[in-house]
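Colleague: This is what each chain is made of:
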Amino acid sequence: MANEQLRRIVATDCGSTTTKAILIEFVDGEYRQTVRGEAPTTVEAPLNDVTKGVINSVQELEELAQLKYNNKNIKFIENEQIIIPRNGDIGVDAYVSTSSAGGGLQMMVTGVVARMTGESAERAALGAGAIVMDLIASNDQRANYEKIERIRHLRPDMILMAGGVDGGTTKHVAELAELVAAADPKPRLGSSYKLPVIYAGNKDAQDIIKETLADKSDLIITENIRPTLEVENLGPARDKIHDLFMEHVMQQAPGYNKLMQWTRGPLNGKLQSIPIMPTPAAVGNIMQTIARNEGIEVLGVDIGGATTDVFSVFKDKDVKEGEPPKYIFNRTVSANLGMSYSISNVLASAGLDNILRWVPLDIDESELRNMIKNKMIRPTTIPQKLEELVLEQAIAKEALRLAFVQHKEFAVTLKGTQKQREISEAFSQTTSGETIVDMMSLDLLVGSGGVASHAPRRHQTVLMLIDAFLPEGITRLGVDSIFMMPHLGVLAEISEKAATEVFDKDCMIYLGTCVAPVGPFKSKGPALTAEIELSNGEKFTEEIPFGEMRLIPCGIGETAKAKLRPGRGLDLGAGKNQEIETTLWGGVVGIVLDTRGRNPFVLPPDHAERRKLLKKWMSELKVYPEPILK
Amino acid sequence: MGKSFSQGLAVSENTIVRKERILPLKGEVKVKKGDKVSAEDIVAVTMLPGKVVPINLANKLGVTADLVTRFIKVQEGDKIKQGQILAQTNGFLGMFKSTVRSPTEGEVQNISRHTGQILLNEPRIPVEVRAFIDGYVVEVIPEQGVVIENKSSYIQGIFGIGGEINAEIDVIAEAADEVVTADKINDNHKGKIIVTGEMLHYDAIMKAKKVGVSGIITGGIHDQDLKKLLGYDIGVAITGHEEVGLTIVVTEGFGPIKMANKTFNLLKSFQGKKVSMHGFTQIRAGVIRPEIIKPIDFKEDELIDQEAELPMIEVGKVIRVIRQPNFGKIGKVVGMPEELTKVESETLVRVLEAELETGEKVLIPRANVEIISD
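Which chain is which? The protein sequence lines are A and B, in order. In terms of the working numbering, the first sequence opens at residue 382 and continues consecutively. In terms of the working numbering, the second sequence opens at residue 9 and continues consecutively.
Any given hint could turn out to be false.
In silico PhoX-like links for lysine-lysine, alpha-carbon gap of 20 Å or less [unchecked claim]: (1) A:K920 to A:K957; (2) B:K282 to B:K159; (3) A:K567 to B:K350; (4) A:K597 to A:K766; (5) B:K270 to B:K159; (6) A:K1003 to B:K34; (7) B:K198 to B:K218; (8) A:K597 to B:K159; (9) B:K198 to B:K266; (10) A:K766 to B:K369; (11) B:K236 to B:K215; (12) A:K575 to B:K34; (13) A:K905 to A:K942; (14) B:K217 to B:K235; (15) B:K59 to A:K567; (16) B:K34 to A:K766; (17) B:K68 to A:K552; (18) B:K218 to B:K235; (19) B:K282 to A:K597.
Listed next, with one range per pair, are the computed distances between beta-carbon atoms [unchecked claim]: (20) B:E28 to A:N638: 20 to 30 Å; (21) A:D819 to B:L348: 49 to 59 Å; (22) A:D521 to B:L364: 51 to 61 Å; (23) A:K639 to B:L348: 25 to 35 Å; (24) A:I863 to B:R132: 50 to 60 Å; (25) B:R78 to A:P706: 53 to 63 Å.
These are calculated hints, taken from the structure and not from any lab test. Even glycine gets a Cβ: it sits at the ideal position worked out from N, Cα and C.
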């Protein structure tokens, strides 16, 4: 039964380019997403007021809802304001919002040892949805005057200071505080308030920190992020970041003061203010909810215009059998990898050859360079020509690949909100933390963001995810249908039921399953032998040589029984040469059998040979219309 | 829905231009409300804090941090000279003293008994902010800067490099679609802003640089040429701070794109006149586009605040196509179909129907046009 007070909800995400609004309604006994509107975000000059973009996008919702229900009485806005509470067709029961406009939440973090307290501080900030502009640590090789110059130059929204275990030496953390005080950093937005500094380090240094920073900053002291070497305690610092995001950063951004008055909904029986959430924090919430609810390991990516976020939830492999699983959440943000503002940086970071290796067409370098720069300077344009779509998706693969490399490097050992470790392990991770990202044990890979959600064919999303992430063994693939994970992440704050129902029915689109044997292929036989029986009784038996792709039709909600035998020396998850009998999930695309190789995955360096193969795979997977692949 | 919002670049013969001229840190405003200023006038000054020099006195004196205060010879806030003694131990019977001298002139900012560190500030660095445009001071933001307004002919570029300049315009292209070659650029163009047409290749840019041209306005530029000129690939679109010896404003985009007639004709009317121009471009988080501003005669009471609004695409509006196919072409909106339309890339989008200057009618995604506004 729905909350009687919650039958019609508007949710917006104020992104750096567009403000996306969705309408969620309680229809026929369940919550569904019904209409969607969008408008340019208006945090910049000349409008300088985020609410204008919100009103424009909600206005579109209102018009579409009127059309959908053929009811001109439906009204969400009056006097340039969202009407809450609802009275019949007039108004909505709740309005919630996320935001990454104006560059999102930008933070600087400090720690004594970069790879220990520094990394913990970085994790807390990233987990709260921030972009970490820099990590300043006592041992980061820069001279003190360079650190001061850097802090002065950065102008973050806030600083998170960690350092030292409780009861340890206070000298280094005191020195860092002195550097921050000497730099006298100014906040990015607004000059009339002091920069918020959260101190979450050695508790014995709290008085020294107060003495050094209380006058120069808006100092907030919270629990130590690393009370002992083997315990990481990120929760209190993350909460403080969220509070400050609302109290300070959002207050300074143009129009947010007004927007914060608007976001309200029924909570505990009363109409209450619902905090605006940083977009990545909302997406992170959703990813963790999926993993916990389904008991699976999830890797998600949100590729935007400016940044690419990667989220992962893996099970703690140290938990003994029989004990409940522990989930380790990690988020990274690649601040300069994206498909519009940052598209040129994908070219600069990946290099032209890496982009062209995914392009099945003969493209002139100069033309490609100009196209990329034109997209950068006019970020809201969309590819009308097929050739340009192919190029954008090739660039997306590289953006995703690079963001994933960064994620794997960051998601190493000692993770999560609170984790106990043996002292010996704590020491070993300071020198070389191994990544916890295990593509073989991964269950679900989810794509989100414009280029993934709005690809004209879902097959394109499948190939982008497979090429960029190279899933191993058996991996289910999904996509956020129209980019609404942020909305649902913040909606869950007032109604978990509404968020979950909409997520299952309208947000998550299962694309299918990828089956990819892993290991160097040396023998001459097939790389994969697959016997697949669909739920309608249809059977497929395939002996697939190395270097091929196959698409087996298996619809959404359907499953197939599969007997999968890897080629000699290859592994599908049960060990080398081990056959697997399992159930494969279908989806809007189907089951993809990929024998192109993993560890290593190598594309032929010869252009002509590679293009021929790309065309063959793309044709098999129905990625693009046939004429362009001829 | 017969309307939709659009981004657009302003190209106008006559508009009110407002410029905020703000100091990086609080300082002193040198003009007052109502003052008439010219582009070169200094309107505000401040002193940026000097470099901070940290010295670990405890280590240098060989004492623990809490003992440093016993040997310190200066106090927080003291002005100091280079070589001045900061701290000195008593030594043994007046001998074997450890002495720490200041490596710089400046001021003592902080002495810490927790870390034994002294922080010195080098002398402050003066910073001046100029008016950039001729006009009236319409607002003084105390200690921070001013707002200057004037009436101008005004052109927004799509992309630029290089900082603020004030120089005379010289239109060297004969037509908006001319590709100006290096041989057309000579010593007469020294110190001027040259207007080329559709495109300028690398050798022409280098020639302009060699003869001392102050600025270039061009329809298009090849990204490869830009990379060669800068020596690196522009990753994130935040520009304006390049030091390549000249300022470049691109009006249309990358590749050979004919300069819009309206822009070219307006620039022709600037021939021989002084303009203010900059290449600052920031696409993300606070859109900044390059600007070319030529003040026109006006009286102070003609200046009025404008109500900002997003340009709307409607039937009858003149638009420019900003993505392939037909990139750079100008047309008039003749239809705004409501339903989603599948374009060649199979993307389902809202489109508009436009009649191009050639008379050809085409469907274009609404996101791929910009309004040519007045």
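Colleague: Decide, hint by hint, whether the structure agrees.
Modeller: Status of the hints after comparison with the structure:
Our distance criterion of 20 Å between C-alpha atoms is broken by K920 (chain A) and K957 (chain A), whose separation comes to about 26 Å. Restraint check for K282 (chain B) and K159 (chain B): the C-alpha separation of about 14 Å stays at or below 20 Å, so the hint holds. Among the hinted pairs, K567 (chain A) with K350 (chain B) is inconsistent with the structure: their alpha-carbon atoms are about 49 Å apart, more than 20 Å. With a C-alpha separation of about 55 Å, the suggested pair K597 (chain A) and K766 (chain A) falls outside the 20 Å cut-off, and the hint is violated.
Between K270 (chain B) and K159 (chain B) the alpha-carbon distance is near 19 Å, which keeps this suggested pair within the 20 Å criterion. Our distance criterion of 20 Å between C-alpha atoms is broken by K1003 (chain A) and K34 (chain B), whose separation comes to about 61 Å. Restraint check for K198 (chain B) and K218 (chain B): satisfied, since their Cα atoms lie roughly 9 Å apart, inside the 20 Å limit. Taken as a hint, the K597 (chain A) and K159 (chain B) pair is broken in the structure, with Cα atoms around 43 Å apart against an allowance of 20 Å.
Restraint check: the Cα-Cα separation between K198 (chain B) and K266 (chain B) comes to about 25 Å, which exceeds 20 Å; the hinted pair is violated. For a cut-off of 20 Å, the pair hint linking K766 (chain A) to K369 (chain B) stands: about 17 Å separates their Cα positions. Under the criterion of a C-alpha separation no larger than 20 Å, the hint pairing K236 (chain B) with K215 (chain B) is consistent with the structure, at around 14 Å. Restraint check: the Cα-Cα separation between K575 (chain A) and K34 (chain B) comes to about 14 Å, which is no more than 20 Å; the hinted pair holds.
Under the criterion of a C-alpha separation no larger than 20 Å, the hint pairing K905 (chain A) with K942 (chain A) is inconsistent with the structure, at around 27 Å. Pair hint K217 (chain B) plus K235 (chain B) holds up; C-alpha atoms about 15 Å apart against a cutoff of 20 Å. Our distance criterion of 20 Å between C-alpha atoms is met by K59 (chain B) and K567 (chain A), whose separation comes to about 16 Å. Among the hinted pairs, K34 (chain B) with K766 (chain A) is inconsistent with the structure: their alpha-carbon atoms are about 51 Å apart, more than 20 Å.
This hinted pair checks out: K68 (chain B) and K552 (chain A) have alpha carbons roughly 16 Å apart, not beyond 20 Å. Our distance criterion of 20 Å between C-alpha atoms is met by K218 (chain B) and K235 (chain B), whose separation comes to about 18 Å. Taken as a hint, the K282 (chain B) and K597 (chain A) pair is broken in the structure, with Cα atoms around 46 Å apart against an allowance of 20 Å. The hinted window of 20 to 30 Å between E28 (chain B) and N638 (chain A) holds, with their beta carbons roughly 21 Å apart.
The hinted window of 49 to 59 Å between D819 (chain A) and L348 (chain B) is violated, with their beta carbons roughly 41 Å apart. Judged by the Cβ atoms, the range 51 to 61 Å given for D521 (chain A) and L364 (chain B) holds: they are separated by roughly 57 Å. Against the hinted window of 25 to 35 Å, the Cβ-Cβ separation of K639 (chain A) and L348 (chain B) comes to about 32 Å, which satisfies the hint. Against the hinted window of 50 to 60 Å, the Cβ-Cβ separation of I863 (chain A) and R132 (chain B) comes to about 54 Å, which satisfies the hint.
Take R78 (chain B) and P706 (chain A): their Cβ atoms lie about 59 Å apart, and the range 53 to 63 Å holds.
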